[in-house]
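Novice: Here is what each chain is made of, one letter per residue.
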Amino acid sequence: MTLFFKFDFNAICQIVLEQTLKDNDIKYKLVGFGEIEVLEKLTSDKQATLQAALDKYQIEIVENQKSILVQKIKDTIIDMVFNEDTVVNVKSSVYLADTLGHSYGYLSNLFSEVTYTSIENFIILQKIEYAKQLVIKQDLSLTEIAFRLNYSSVAHLSTQFKNTTGITPSAFQRIIAKRKAFNQDNNQD
Amino acid sequence: MIKTLSNNISFLRTTLYISAFVILVVGALTYRSITEVTKSSELITHTYKVNVELEQILSNLKDAETGQRGYIITKDSVFLEPYISGRSKINNSFAELKVLTKDDTILKESLIKVNSLINKRLLAFQTSYRSLPKGDIEDPNFIENFRNGRALMDSIRDNIKGIIKLQNNLLKQRRSEYESDLMATPLLLFSLLLCSLILMYVAYNSIYKNIKRLKATNEELEIFKESTNQSEIVSKHGSWTYNVKRDEFTYSDNLYRLLGEQPQSFKPTIENFLTYVHPDDVEKLTMQVEQMKENIELPYIYYRVVHKNGNIKHLKAYGKSVVNEDDETVLLGTTADITDEIISFRILEERNAELERNNKELSSFNYVASHDLQEPLRKIQTFLSRLIDEEEGKLSAKGNKYIDRIQNAATRMRLLIDDLLQFSRSNKADKVFEESNINLLLEAAKQDLAEVISAENAVITSDTFPTITVIPFQIQQLFVNLIGNAIKYRMEGKIPKINITHQIVEAENEDNIIKPKYSHYHKITFTDNGIGFDNQYADQIFVLFSRLHNKDQYSGTGIGLSICKKIVENHKGYITASGQPEKGAVFTVYLPIA
Amino acid sequence: MQEDYINITLADDDEDDRLFFTDAFDEIKITTRVKTFNDGVYLMDYLNSKDATLPNVLFLDLNMPRKSGLECLKEIKQNPKFKDIAIAIYSTSASEEDIENTFVQGANIYIKKPSDFKTLKKVLSEVVTINWQYHTNSMNKDNFLLRF
Chain C
1 MTLFFKFDFN
11 AICQIVLEQT
21 LKDNDIKYKL
31 VGFGEIEVLE
41 KLTSDKQATL
51 QAALDKYQIE
61 IVENQKSILV
71 QKIKDTIIDM
81 VFNEDTVVNV
91 KSSVYLADTL
101 GHSYGYLSNL
111 FSEVTYTSIE
121 NFIILQKIEY
131 AKQLVIKQDL
141 SLTEIAFRLN
151 YSSVAHLSTQ
161 FKNTTGITPS
171 AFQRIIAKRK
181 AFNQDNNQD
Chain E
1 MIKTLSNNIS
11 FLRTTLYISA
21 FVILVVGALT
31 YRSITEVTKS
41 SELITHTYKV
51 NVELEQILSN
61 LKDAETGQRG
71 YIITKDSVFL
81 EPYISGRSKI
91 NNSFAELKVL
101 TKDDTILKES
111 LIKVNSLINK
121 RLLAFQTSYR
131 SLPKGDIEDP
141 NFIENFRNGR
151 ALMDSIRDNI
161 KGIIKLQNNL
171 LKQRRSEYES
181 DLMATPLLLF
191 SLLLCSLILM
201 YVAYNSIYKN
211 IKRLKATNEE
221 LEIFKESTNQ
231 SEIVSKHGSW
241 TYNVKRDEFT
251 YSDNLYRLLG
261 EQPQSFKPTI
271 ENFLTYVHPD
281 DVEKLTMQVE
291 QMKENIELPY
301 IYYRVVHKNG
311 NIKHLKAYGK
321 SVVNEDDETV
331 LLGTTADITD
341 EIISFRILEE
351 RNAELERNNK
361 ELSSFNYVAS
371 HDLQEPLRKI
381 QTFLSRLIDE
391 EEGKLSAKGN
401 KYIDRIQNAA
411 TRMRLLIDDL
421 LQFSRSNKAD
431 KVFEESNINL
441 LLEAAKQDLA
451 EVISAENAVI
461 TSDTFPTITV
471 IPFQIQQLFV
481 NLIGNAIKYR
491 MEGKIPKINI
501 THQIVEAENE
511 DNIIKPKYSH
521 YHKITFTDNG
531 IGFDNQYADQ
541 IFVLFSRLHN
551 KDQYSGTGIG
561 LSICKKIVEN
571 HKGYITASGQ
581 PEKGAVFTVY
591 LPIA
Chain F
1 MQEDYINITL
11 ADDDEDDRLF
21 FTDAFDEIKI
31 TTRVKTFNDG
41 VYLMDYLNSK
51 DATLPNVLFL
61 DLNMPRKSGL
71 ECLKEIKQNP
81 KFKDIAIAIY
91 STSASEEDIE
101 NTFVQGANIY
111 IKKPSDFKTL
121 KKVLSEVVTI
131 NWQYHTNSMN
141 KDNFLLRF
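Chains as they are written, first to last, in this note's numbering: chain C, 1 to 189; chain E, 1 to 594; chain F, 1 to 148.
Only chain C is shown next, with the shape it has when bound in the complex:
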């Protein structure tokens, strides 16, 4: 039997983060989107301990303001793409600028500088990533996936999928299915 999970990274991270902070006796206040206001002065020792505790979750303390903003941009995009409850009726550039309180031009430049990629590419990457999840689950047709991801047509989705991954959605689906069977065979041996 195969189970599929849908999870909210933010929520998970939040829980892990809060738990770790509590464990380390740090007073905090949640600001949102991975931003936490520490209500006391952290010694470098204490910060190192906290970082060490967070390492196993691959959570890093980001001090740099630019990095914080980039992370915010990413989180906003991921939320925008993956969270079905977040309905975006405006262009993503407008949505980002509105949500984060900076001009899109500023955000875009900042993002490219830090991540080696553009916001547009990152959005596409995340959309395709979501599309991959949906394709693997196999309970939605390509048309439905295209609709859910706000593509104008299946062809548009297919084209973008192929441009991003070099593989067509159906080939992707086939490969993942075969790989599962292959791994199962190998595990049995």
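Read the hints as simulated data drawn from the structure, not as lab findings.
Possibly wrong hints are sitting among the right ones.
[As the list claims (entries may be wrong)] Once the Cα atoms are required to be at most 25 Å apart in a straight line, the calculated DSS-like pairs of lysine-lysine come out as:
#, chain 1, residue 1, chain 2, residue 2
1, F, LYS50, E, LYS379
2, C, LYS27, C, LYS46
3, F, LYS29, F, LYS122
4, F, LYS121, C, LYS178
5, E, LYS394, F, LYS83
6, F, LYS83, C, LYS137
7, F, LYS141, C, LYS56
8, C, LYS180, E, LYS431
9, F, LYS141, C, LYS72
10, F, LYS83, C, LYS178
11, F, LYS118, E, LYS401
12, C, LYS6, F, LYS122
13, F, LYS122, C, LYS180
14, E, LYS379, F, LYS67
15, C, LYS6, F, LYS141
16, F, LYS77, E, LYS379
17, E, LYS225, E, LYS215
18, C, LYS137, C, LYS180
19, F, LYS112, F, LYS29
20, F, LYS121, C, LYS66
21, F, LYS141, E, LYS379
22, E, LYS398, F, LYS35
23, C, LYS180, F, LYS74
24, E, LYS379, F, LYS35
25, F, LYS77, C, LYS56
26, E, LYS379, F, LYS112
27, E, LYS583, E, LYS517
28, E, LYS431, F, LYS112
29, F, LYS81, C, LYS178
30, C, LYS178, F, LYS74
31, E, LYS379, F, LYS118
32, E, LYS89, E, LYS39
33, F, LYS141, C, LYS180
34, F, LYS121, C, LYS180
35, F, LYS29, C, LYS56
[What the hints assert, rightly or not] Footprint (simulated), chain F over chain C, 3 or more residues, beta carbon under 8 Å:
#, stretch
36, 89-95
37, 116-127
38, 130-141
39, 163-173
Given the structure is predicted, the values throughout are model-derived calculations rather than measurements.
Idealized CB from N, CA, C, for every residue including glycine.
Please build the complex by placing chains E and F on the supplied structure of chain C, with the hints as guidance.
Specialist: Structure of chains E and F alone, referenced to chain C:
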């Protein structure tokens, strides 16, 4: 034929029975009538004899009377002689009559009456002549006596006459019976004999006809037998029969020849036969013969025989049971010498293997060549690109032009090698047929072509396809090539439109299907509104490296459609093209429904 | 947040290709450390050694003497120690089936060696970038398939 013969046989049998019956009847009748005639003539003789004896008695009496008269007149006792001898004669006659009439009671009684009358008459004689010497003829006693004698005599005569008359009547009646017998018997006999003759004639006729037919049939059979013999020799097979009940074999002449022996040169037994069988096959054959005896059936069996001169021949035998006229099960068998077939089969197999080897070598050569050629070409191209990037400004205009040309040539070579490689892949031996959703393959092909489709705004419409057992990669490739082709050869200024239809067709209704191996095919047509082509090139376009357009106009290699053809052939299908310049082209693919 | 450089490793028996590869990374603005090996045996010996620096992305040529890229792929996939390495097949060409097969056996990336240096740089840069995205954004690596 056999039925008419058996009908005839029963007819003949009936005729024989009837004839025999008729002859028996004729015999019996003849015997009876001869017996009748004999009896009649005996009776007539008998009647005559009785009459004669009676006449005799009467004449004796007359003699005695005459003698008495003479004695009376002359008193000479000489005249008494007839009377004395008459007496004993009459007695003799009566004795005779007694014998003759012992079965006839009426006659006997009449005779007894006559006899007593005669005795009285004779007594009257005695009395009259005894009284005569004492008296004379005038004596009244004598006269009275005489008169009495006279009356007696008359009564005797009357009686005898009556008897004779009766006898004559009887005789008359018997004669007429006898005569009618004599008349009727020959007529009956004659008619019966005639019947018999007619029957015999019919029987003869029938026999004659049958014999004639039998003779003709026999001749035919003889010819057939001879031709069977000939055909057995020519086709190298022999026949045999095995009577299950009697455990007996018969072998045809040629069966002996198949063993390298003269016809009927040894007794047809399984033991004798096995001495010719190859030692390695004896056990197998013995087993199968045992099974044959049990199951009364012989499936195809293969074994080898060794001739006395050491030649080894491959034989194949088959048997089928039939029931003969005597209700015995007989196995009719055929044994064929398939040595030549096996030899040619082996040669064919070897040639096939060689061909396959050659084909494999060729395709692996093609693959290796195109694959390995890629590497140096790629390096040339990469170095060239670096050269352009880094040294462009340092080269003269001429140098740059040359580099440009080199790049073009290299690009063309790349195209050729890529297509050749794809062609050789479509030729590879490991083809895995899978039941595939053709709609998904078409969708995947469209995804492969997504870039060019959206660039040209191409419109592709298609029917819904059923699942077909295909090599999925290849069919996807086929779709890619055909759709790609249609877009590549689009009409300037027109949105390329490609319509793909599916239909199940009967092979015999399709002119494009030549020598079909299957009865039904999937017919998939690709109709486009591109530049089309002159129909006279319809076959040519599938030939490797053949191109209808200048390579400066269209960047084709002339391999794409050859790949399509190869793929379709791999599926035992057909592909045809037809076109109209400036109007469009139609490509039709037929995939068999196995 | 990130390490100073991205570790890249290549196993390819062709000298020219190794040259193109290292040159390309030299010209890409991303800071990388490129290590090359002449065949699969050298590569695996290194990876299995104690003090090996495991690469972020490992490029494997398929046709190599002694140990082919596919054999390396199998060994790497069987060893949990290497589970974080993104594997890129870096080959001259292969059929669709062969490409799919490498993906099925666990490769993340398939690169048909480009015949143009610019393209090569672009491709390698994209590979590193996307891998970087997967790495830094905790994306599901099972779904990481990329083909050039």
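Novice: Hint by hint, say whether it matches the structure.
Specialist: Hints, one by one, checked against the model:
| no. | hint | in the structure |
| --- | --- | --- |
| 1 | LYS50/F / LYS379/E | 36 Å, violated |
| 2 | LYS27/C / LYS46/C | 13 Å, holds |
| 3 | LYS29/F / LYS122/F | 11 Å, holds |
| 4 | LYS121/F / LYS178/C | 31 Å, violated |
| 5 | LYS394/E / LYS83/F | 48 Å, violated |
| 6 | LYS83/F / LYS137/C | 24 Å, holds |
| 7 | LYS141/F / LYS56/C | 17 Å, holds |
| 8 | LYS180/C / LYS431/E | 23 Å, holds |
| 9 | LYS141/F / LYS72/C | 22 Å, holds |
| 10 | LYS83/F / LYS178/C | 19 Å, holds |
| 11 | LYS118/F / LYS401/E | 20 Å, holds |
| 12 | LYS6/C / LYS122/F | 34 Å, violated |
| 13 | LYS122/F / LYS180/C | 31 Å, violated |
| 14 | LYS379/E / LYS67/F | 23 Å, holds |
| 15 | LYS6/C / LYS141/F | 16 Å, holds |
| 16 | LYS77/F / LYS379/E | 31 Å, violated |
| 17 | LYS225/E / LYS215/E | 15 Å, holds |
| 18 | LYS137/C / LYS180/C | 13 Å, holds |
| 19 | LYS112/F / LYS29/F | 22 Å, holds |
| 20 | LYS121/F / LYS66/C | 28 Å, violated |
| 21 | LYS141/F / LYS379/E | 33 Å, violated |
| 22 | LYS398/E / LYS35/F | 40 Å, violated |
| 23 | LYS180/C / LYS74/F | 15 Å, holds |
| 24 | LYS379/E / LYS35/F | 21 Å, holds |
| 25 | LYS77/F / LYS56/C | 23 Å, holds |
| 26 | LYS379/E / LYS112/F | 13 Å, holds |
| 27 | LYS583/E / LYS517/E | 34 Å, violated |
| 28 | LYS431/E / LYS112/F | 24 Å, holds |
| 29 | LYS81/F / LYS178/C | 24 Å, holds |
| 30 | LYS178/C / LYS74/F | 16 Å, holds |
| 31 | LYS379/E / LYS118/F | 13 Å, holds |
| 32 | LYS89/E / LYS39/E | 30 Å, violated |
| 33 | LYS141/F / LYS180/C | 14 Å, holds |
| 34 | LYS121/F / LYS180/C | 33 Å, violated |
| 35 | LYS29/F / LYS56/C | 30 Å, violated |
| 36 | 89-95 | violated (count 0) |
| 37 | 116-127 | holds (count 4) |
| 38 | 130-141 | holds (count 3) |
| 39 | 163-173 | holds (count 5) |
Checked against the numbered hints above, the structure violates hints 1, 4, 5, 12, 13, 16, 20, 21, 22, 27, 32, 34, 35, 36; every other hint is satisfied.
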